[in-house]
Amino acid sequence: QKEVEQDPGPLSVPEGAIVSLNCTYSNSAFQYFMWYRQYSRKGPELLMYTYSSGNKEDGRFTAQVDKSSKYISLFIRDSQPSDSATYLCAMSDILTGGGNKLTFGTGTQLKVEL
Amino acid sequence: EPEVTQTPSHQVTQMGQEVILRCVPISNHLYFYWYRQILGQKVEFLVSFYNNEISEKSEIFDDQFSVERPDGSNFTLKIRSTKLEDSAMYFCASSEARQGGADTQYFGPGTRLTVL
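Protein chains in written order, with my numbering: chain H, 1 to 114; chain E, 1 to 116.
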């Protein structure tokens with residue numbers, strides 16, 4: 001079983017739609033969860049990070065973590081064509097001396113159509 | 001806004017040659033990382049570096065790879081004898097490594113390495 005599973009898509013939605021992106025994971029040691037956005041041939045750009053179970057909102061983006069189900073989600077409200085990108089979930093276990101490796105999902109390719 | 005920078009953006013090399021990829025992390029960050037992404041695959045951790053030494057490395061990071069912080073601003077990844085399968089995007093990242101807080105890593109734009 002892969003440590004982090006993410007549907008690669010592609011996912012195509014009309015402008016203004018609510019987008020739901022998801023990842024599941026198997027390693028119960030993961031405590032920190034991030035969502036990155038990656039445009040073609042560019043570096044991952046941090047969107048959201050969460051630590052605890054529950055929801056965290058930032059503008060049109062909401063990150064949700066359910067540690068009991070080992071399931072995380074990213075919701076995008078009022079999606080725009082500029083949201084078209086690949087969305088990567090990433091996670092790491094508890095910090096020891098500070099800093100830690102991230103384990104990424106494969107990324108979901110999203111296209112928001114006009 | 002501070003950002004991680006990487007040079008060159010694209011490096012083409014012959015198999016067996018040595019390459020050095022360069023990164024300038026965000027200035028107040030203490031942890032530095034290299035990741036790679038083979039075309040069409042996921043981003044994979046290579047190595048983390050803290051206090052002038054490797055703190056963790058993956059199975060990919062074998063004896064052909066080395067990292068160095070030659071001065072107060074640069075962080076480099078050297079591949080001693082490149083192989084065809086080393087062709088990938090290489091991303092540098094850095095983080096503040098605040099004790100008791102999330103290790104939020106910020107990525108550079110990447111160096112595309114092509115080995116012929």
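Some hints here could point you the wrong way.
In silico BS3-like pairs for lysine-lysine, Cα to Cα no more than 25 Å straight-line [stated by the list, open to error]:
hint	chain 1	residue 1	chain 2	residue 2
1	E	K78	E	K42
2	H	K56	H	K67
3	E	K78	H	K2
4	E	K42	H	K67
5	H	K2	E	K57
6	H	K70	E	K83
7	H	K42	E	K57
8	E	K83	H	K67
9	H	K111	H	K67
DEER-style ranges, computed between Cβ atoms [what the hints assert, rightly or not]:
hint	chain 1	residue 1	chain 2	residue 2	range
10	E	M15	H	G16	17 to 25 Å
11	H	S12	E	I20	39 to 47 Å
12	E	M15	H	E57	46 to 54 Å
13	H	E57	E	R80	27 to 35 Å
14	H	I18	E	E85	18 to 26 Å
15	H	S26	E	E56	14 to 22 Å
Simulated from the structure, these hints should not be mistaken for laboratory data. Owing to the predicted nature of the structure, the values given are computational and were not obtained by experimental measurement. Think of the CB as a built atom: it goes at the ideal place given N, C-alpha and C, for glycine as much as any other residue.
Comparing the hints with the structure gives:
At most 25 Å may separate the alpha-carbon atoms for a hinted pair to count; K78 (chain E) and K42 (chain E) meet this at roughly 21 Å. Annotation: proposed proximity of K56 (chain H) to K67 (chain H) holds, straight-line Cα distance about 14 Å (limit 25 Å). A threshold of 25 Å between alpha carbons decides the hint, and for K78 (chain E) with K2 (chain H) the separation of about 29 Å lies outside it, so the pair is violated. With a CA separation close to 23 Å, the supplied pair K42 (chain E) and K67 (chain H) stays within the 25 Å bound.
A distance of roughly 19 Å separates the Cα atoms of K2 (chain H) and K57 (chain E); the hinted pair therefore holds under the 25 Å criterion. The hinted pair formed by K70 (chain H) and K83 (chain E) fails the criterion: a straight-line CA distance of about 37 Å is larger than 25 Å. For a cut-off of 25 Å, the pair hint linking K42 (chain H) to K57 (chain E) stands: about 24 Å separates their Cα positions. Only pairs whose Cα atoms come within 25 Å are accepted, and K83 (chain E) paired with K67 (chain H) is rejected, the gap being roughly 40 Å.
For the hint linking K111 (chain H) to K67 (chain H), the alpha-carbon distance of about 28 Å lies beyond 25 Å, and the restraint is violated. Between M15 (chain E) and G16 (chain H) the C-beta distance comes to about 50 Å, which lies outside the given range of 17 to 25 Å. In this structure, S12 (chain H) and I20 (chain E) meet the distance hint of 39 to 47 Å, their C-beta atoms being roughly 41 Å apart. Against the hinted window of 46 to 54 Å, the Cβ-Cβ separation of M15 (chain E) and E57 (chain H) comes to about 49 Å, which satisfies the hint.
E57 (chain H) and R80 (chain E) have their C-beta atoms about 47 Å apart, which leaves the hinted 27 to 35 Å range violated. A beta carbon spacing of about 40 Å between I18 (chain H) and E85 (chain E) contradicts the range 18 to 26 Å that was offered as a hint. As the Cβ distance of S26 (chain H) to E56 (chain E) is approximately 20 Å, the hint placing it in 14 to 22 Å holds.
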